[in-house]
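**Student:** Those sequence lines, one after another, are chains A and B. With our numbering, the residue at position 17 of the first sequence is 17, and numbering never jumps. With our numbering, the residue at position 62 of the second sequence is 1062, and numbering never jumps.
Don't read these hints as lab results, they were simulated from the structure. In this text the structure is predicted, and so the values were computed from the model without any measurement. Every residue, glycine too, gets a C-beta built ideally from N, C-alpha and C. Wrong hints could be hidden among the right ones.
[To be verified] Reference listing, derived: stretches of chain A covered by chain B, where coverage requires no fewer than 3 residues with Cβ under 8 Å from a Cβ of chain B:
| # | segment |
| --- | --- |
| 1 | 220 to 230 |
| 2 | 341 to 348 |
| 3 | 431 to 437 |
[To be verified] With beta-carbon atoms standing in for the labels, derived distance ranges:
| # | chain 1 | residue 1 | chain 2 | residue 2 | range |
| --- | --- | --- | --- | --- | --- |
| 4 | B | W1112 | A | R120 | 20 to 26 Å |
| 5 | B | A1025 | A | N240 | 43 to 49 Å |
| 6 | A | D230 | B | P1085 | 47 to 53 Å |
| 7 | B | W1112 | A | R348 | 53 to 59 Å |
| 8 | A | P319 | B | A1032 | 49 to 55 Å |
| 9 | A | P236 | B | A1038 | 29 to 35 Å |
| 10 | B | L1110 | A | N270 | 28 to 34 Å |
| 11 | A | N117 | B | A1025 | 46 to 52 Å |
[As the list claims (entries may be wrong)] A few chain A residues that don't get close to chain B, going by computed Cβ distances all over 10 Å:
| # | residue |
| --- | --- |
| 12 | G52 |
| 13 | P249 |
| 14 | P319 |
| 15 | G333 |
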Amino acid sequence: MHHKQMTRRTFLSAAASAVAVPYVITSSALGAGGKRRTAPSERVNMGFIGLGGQGAGHLLGGSWTYVPGGYIARSDVQVVAVCDVRRERLTHAWKRCNQIYAQRFEKPDYDGVQAYNDFREVLARTDIDAVLLALPYHWAAPMAIMALRSGKDVYCEKPIAITVRQAQTMVETARSYSRIYQAGMQQRSEYGGKFRQACELVRNGRIGQLKEVYAYRLPGAFVPTTWTSDRSVAVPDGFNWDLWLGPLPWRPYGGEAGHTLSGLFVGDVNWSPHHYDIIQWTVNPDPKAPIDVEYDKGNIHYHYTNGVVVHSVGYPGEPVGGEGGACFVGTEGRIAVDRSNIVSYPVRILKEMLQPDDERVYHADSHSGNFLECIRTRRQTICNPEVAAYTMNAILIGGIALALRRNVHWNPATLEFPGDETANRLLSYTPRPPWCL
Amino acid sequence: MKIHFLNNILLIGFIILSACSVHAAEEQELIAILQSSAGAAEKCAACQQLRIYGTAESIPALAALLGEERVGHAARYALEGIPGPEAGAALRKALTKTSGLIKAGIINSLGWRR
């Protein structure tokens, strides 16, 4: 079924083409000193849900962020809503945003940014074009799906899903509702293009035929060993614990509410998306071809039909790769890359320029910029739903192998382990009502 | 050669049956926990294991817990994962005995099992 909802953006676009009027530069389009600012109709109205370290960094900027000054500094973005289940984070972001806009628009009593405790109120606003989600792991996919269904374009921080079924539902929803979605695997766009450079060099045979990849990071999966707990401490004032918990099994607040709760995951689902996304981008396997996942004494080895083997460990003696990267080993050399470095053996590989007829991959120099551009053009993002889901599924099937402590055989075309009923039981989990996918 | 081949087949069959016997024995222990006066955390832990290894043998014990506030969700998690018509039938039967959010969750599970 194809759903095409009339959003604020599509309405304005249709109206503009239907009626020809003289172009008038409104006062809101002009800033101090008559400088031209982006017109309100060209700004993307955004809501920010999840205001911890990641979310607040996206919104306001910060030392770690690759978005200088945050989204609020962009002239093509209008922040209209902030949301968090923790009152102190929400209040800080709300006040800061209004202060920034008050100064920028020279309106001391500016209050155009609204604060919400419950994300459903943000999603219900028809004037919001897009939301940025920076959430605990268990909320990423359910909330992204709800946002897509409510007509919002979505930027979702990784991990974008904790089960294969969640990832697939997200893909289908984005497609069905014709929404733009960007997964927060920014390495494809940022860090000076190092990862893109490594990808293109490998794809163009500069290390010969690719044989092995070293991932420097275990995959992971949602396989709870602790379903619930009786530990109970007082809920901090202003913290909506029930909403934070959301679809997870009920337990009283036990003092823990970070990215996730302990005892719910095997392996790594947090940093691994960065590593394995670059690996998928570079290995470029047939997305429908089966994958044999080998379990070997706590490590995972992925065997692709194109002959490439991906190891969950680091390349012996190679320090480059550990920070979100990988080491690619071919018949004629190797390339190791991470956020800080890119090295090749032999050295000449990096010195040789790509040729005009060499294969190129999707080029973006800003992950946030790519998201916003695609909102306007409706072109697929660099980390679109299918890309994001394929990467996440690679991690999750490896995590399932870790949990079962044995090999598994994966069919991406049917999204199942053929004939492996036990492994298939870990492709989904049961959300706590009223939440559902 | 033929005898050697048959011996290998028998050996493999024995190994598989042994593994199944281990799982069957464990399943009975887990069912016993569900039917005991153990606390919610322990029963939920048993449900987690039955999600992975449970068979139709577990269904009655799991179904009996669907209406319980703390354990019902875990029991549903286990039932949702057990293939075969019996688990679906148990979930449908529970619809008439539950209400509110618990019932909504069971409907959701039946939707996934379609």
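**Student:** Indicate, hint by hint, whether the structure satisfies it.
**Tutor:** Here is how each hint holds up against the structure:
1. Counting residues of the segment 220 to 230 of chain A whose beta-carbon sits less than 8 Å from any beta-carbon of chain B gives 7, enough to reach three: the coverage restraint holds.
2. Against chain B, the segment 341 to 348 of chain A contributes 0 residues with a C-beta closer than 8 Å to a partner C-beta. That does not satisfy the three-residue criterion, and the hint is violated.
3. Restraint check on the segment 431 to 437 of chain A versus chain B: 5 residues with Cβ-Cβ distances below 8 Å, three needed, restraint holds.
4. At about 23 Å, the beta-carbon gap between W1112 of chain B and R120 of chain A stays in the expected band of 20 to 26 Å.
5. Remark: the range hint 43 to 49 Å for A1025 of chain B to N240 of chain A is upheld by a beta-carbon distance near 44 Å.
6. Against the hinted window of 47 to 53 Å, the Cβ-Cβ separation of D230 of chain A and P1085 of chain B comes to about 36 Å, which falls outside the hint.
7. Evaluation of the 53 to 59 Å hint for W1112 of chain B and R348 of chain A yields a pass: the beta carbon distance comes to about 54 Å.
8. Checked against the given bound of 49 to 55 Å, the beta carbons of P319 of chain A and A1032 of chain B, roughly 52 Å apart, stay inside it.
9. Checked against the hint of 29 to 35 Å, the pair P236 of chain A and A1038 of chain B passes, with Cβ atoms roughly 31 Å apart.
10. Roughly 33 Å separates the CB atoms of L1110 of chain B and N270 of chain A, a value that falls within the hinted 28 to 34 Å.
11. N117 of chain A and A1025 of chain B have their C-beta atoms about 49 Å apart, which keeps the hinted 46 to 52 Å range intact.
12. Against the 10 Å criterion, G52 of chain A stays outside the reach of chain B, whose nearest CB is about 26 Å from its own CB.
13. The beta carbon of P249 of chain A is not kept farther than 10 Å from every beta carbon of chain B, the shortest such distance being approximately 5 Å.
14. For P319 of chain A, the condition that its CB be more than 10 Å from all CB atoms of chain B holds, with the nearest at approximately 38 Å.
15. Residue-level check passed: G333 of chain A sits 43 Å from the nearest beta carbon of chain B, beyond 10 Å.
Comparing the model with each numbered hint stated earlier shows that hints 2, 6, 13 do not hold.
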